[in-house]
Amino acid sequence: MTLLDVDGLRRSFGRLVAVDGASFEVREGEIVGMIGPNGAGKTTLFDCVSGILRSDAGTVSFDGRDVTGAAPHELARRGLVRTFQQTRELTTMSVEENVLLPTPDHPGERAVHAVARTGAHRERERAARERATDLLETFDLGSMAEEYAGNLSGGQRKLLELARALMLDPKLLLLDEPFAGVNPTLTANIAASIESLNEDGLTLLIIEHELETLTGLVDRLVVLADGRVLATGPPDQVMEDERVIDAYLGG
Amino acid sequence: MSRLERLPVDATGVGLALFVLSVLFLYSPLFVSPPGWTFFVLELGVLFVVYVLILIGLNLQFGHTGLTNFGPVAFFAVGGYTAALLTARDPYGAVGLGMPWPVGLGVGVLAAVGLGALVGAATLRLRDDFLAIVTLAVAEIVHGLIETFRTVTGGPIGLQNVPRPIPDMTGGGGGAEIVSTILVVGSLALLAYGVFHRLTASPYGRVLRAIRADEQVTETLGKRVFRYKFMVLIYGSALAGLAGVLYVFYNGAASPLFFTIDVTVTVWIGMLIGGAGSDRGVIGGLAIIMGFRLLTRLLNQELPFVGQDQFASARILLVGLLLMLVIRYRPEGIWGDARERRAES
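Protein chains in written order, with the numbering used here: chain A, 20 to 270; chain B, 305 to 649.
Heads up, some of the hints might be wrong.
Claimed, not checked - Rough simulated footprint, nothing fancy, chain A against chain B, three-plus residues with beta-carbon under 8 angstroms:
no., region
1, 494 to 504
2, 519 to 526
Claimed, not checked - Over the 12 angstroms line for every Cβ pair with chain A, so calculated as not near, a few chain B residues:
no., residue
3, Arg393
4, Asp394
5, Ala425
6, Asp433
7, Gly448
8, Arg454
9, Gln464
10, Gly477
11, Leu598
12, Leu603
13, Val623
14, Leu627
15, Ala642
Note that these hints are calculated values from the structure, not bench results. Using N, Cα and C, we set each Cβ at its ideal position, and we do this for glycine too.
Bound conformation, chain A alone:
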């Protein structure tokens, strides 16, 4: 079943057309890699799909519904969650608070429950804490829970972003360069985490320049060039495509 269907998406900044009628789909249970030369429009495409940028034309459907132009918080609640290329952990909050923040449907986030300190609020917070602790342990951040997120290393920040996104129990996770600036050991760890999440039923769409790791991980590659989908298919087939090689070698 198609989980994400992007059709004819277009977005320009002034005269620069960053995304120029991109169409592709992601099926449930897949890991799809998105590659392309710098400036191909990958991040802009992510921004349009996740609601951060408005698209000029085209449609985005998620989980059987048209979500074109939906607000980011709405998409996140429906299960479409993204991370950012430059990690954006909330540095002025603790690691645990970072992971607790996304807790969906938290009564304690409504003023009345917060002030009255209702049982529902405390109950939800306790459950959220358990889940957060589990996630932090999974990503080897358990001992850092009380630490301010600003004190984490680059690699740990990547892990924190992943743990935080998973708190929303997403159906589809969009990862923007999860291996950028990460050492080889950690890259292997993150790749293993992605595989095990996928085995548990999570669908992923990953932008990445680190092709070696990516091609070993994904079921399918989508190649973007000049804001358009150039080719799509299994990694070995796509990597031998003349047009793809040309695009990468600056043809």
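Take the given structure of chain A and dock chain B to it, following the hints.
Same frame as chain A, now just chain B:
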């Protein structure tokens, strides 16, 4: 959070109990009559508890959520003048509808909330700094309207003959009226502190601090950022409006002198010195600033050969110096937490 924030007292409960007690005290024939020389200290006490109300709202807006409201005085003035216009009986050269005081209280707070909603709807979807500019402008506009429509507001003279519900119920003269006002308004301020602290210490406060740190990330993690910012602006407006109503009801008059930019400056400096985001710290900061005012007035009495103007100037110099010292050596404020301070501010 500092140790100061972890004292095992529930301010909400204590504030509510004190409020009920202070109202009962009003209805009782009893009163406290302080000696005459303490009046000016107590007068400043009234101003302090009124400013604390404004400050609690401002700290929720700026300290916790990162919303830069440079015009708290606008909401304070709109609350105060609305209440005065509705309740004053035949004020000199102005409009007074002579309605009962509870109407003035309710509509005064609502008017401040309305202004907050207007400002919020217009600016909160734009970049952060727009709120700062607009609130600064709104404060000037409100001030200008009060000066311009002098047949309605009484212009520089203001509105007299406004009901004084608290002093009227006290009996026992001027000193007792001030004490009763401090008790009632002070317990309300404590209650407001308690309620807002519960808000900021809960997952609600976590969302606010996340918005302060990175709005867009908070949005992509499923939070309705605009709604939170809007409501925070409203809550702060309501408190500032309430403060304005209470201050006008205490004075039995509304005057443009109550609502100058000094109000904004005093609460902002108090908040920055105490430590924006620390619910108790900001009140400590306000106490320091207003303590300066008291100190200079006391000194003024002792040293009659130094003029009042000179003392006022000296006070401004001292406050400026303190602010500079705090920003230089402890930018997070005396009771603030450096780790929670935004890197760019």
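Non-interface claim for Leu627/B versus chain A (Cβ beyond 12 angstroms): Non-interface label stands for Leu627/B: nearest chain A Cβ at 23 angstroms, farther than 12 angstroms.
Gly448/B non-interfacial with respect to chain A [C-beta, more than 12 angstroms]: holds, 34 angstroms
Beyond 12 angstroms from chain A, beta-carbon-wise, is Gln464/B? Gln464/B is indeed farther than 12 angstroms from all Cβ atoms of chain A, at 38 angstroms.
With d taken as the least Cβ-Cβ distance between Arg393/B and chain A, does d exceed 12 angstroms? Given that every Cβ of chain A is farther than 12 angstroms from that of Arg393/B, nearest at about 37 angstroms, it holds.
Chain A versus Asp394/B - minimum CB to CB distance exceeding 12 angstroms, so not interface: holds, 41 angstroms
Quick check for students: does the CB of Ala642/B sit more than 12 angstroms from each CB in chain A? Label violated. Min Cβ-Cβ 10 angstroms, cutoff 12 angstroms.
Three residues or more, CB to CB closer than 8 angstroms: is that satisfied between the region 519 to 526 of chain B and chain A? Satisfied; 7 residues make the cut.
At 12 angstroms, judged by beta carbons, does Leu603/B keep clear of chain A as stated? holds, 41 angstroms
The output says Gly477/B does not contact chain A. Does that hold with a beta carbon cutoff of 12 angstroms? holds, 38 angstroms
When I compare C-beta atoms, does the region 494 to 504 of chain B have three or more residues closer than 8 angstroms to chain A? holds (count 3)
If I take the minimum Cβ distance from Arg454/B to any residue of chain A, is it greater than 12 angstroms? holds, 40 angstroms
Over 12 angstroms to the closest beta carbon of chain A is the bar; see if Asp433/B clears it. Consistent with the label, Asp433/B stays out of reach of chain A, its closest Cβ about 19 angstroms off (over 12 angstroms).
Against the hints set out earlier in the document, a violation occurs for number 15 only.
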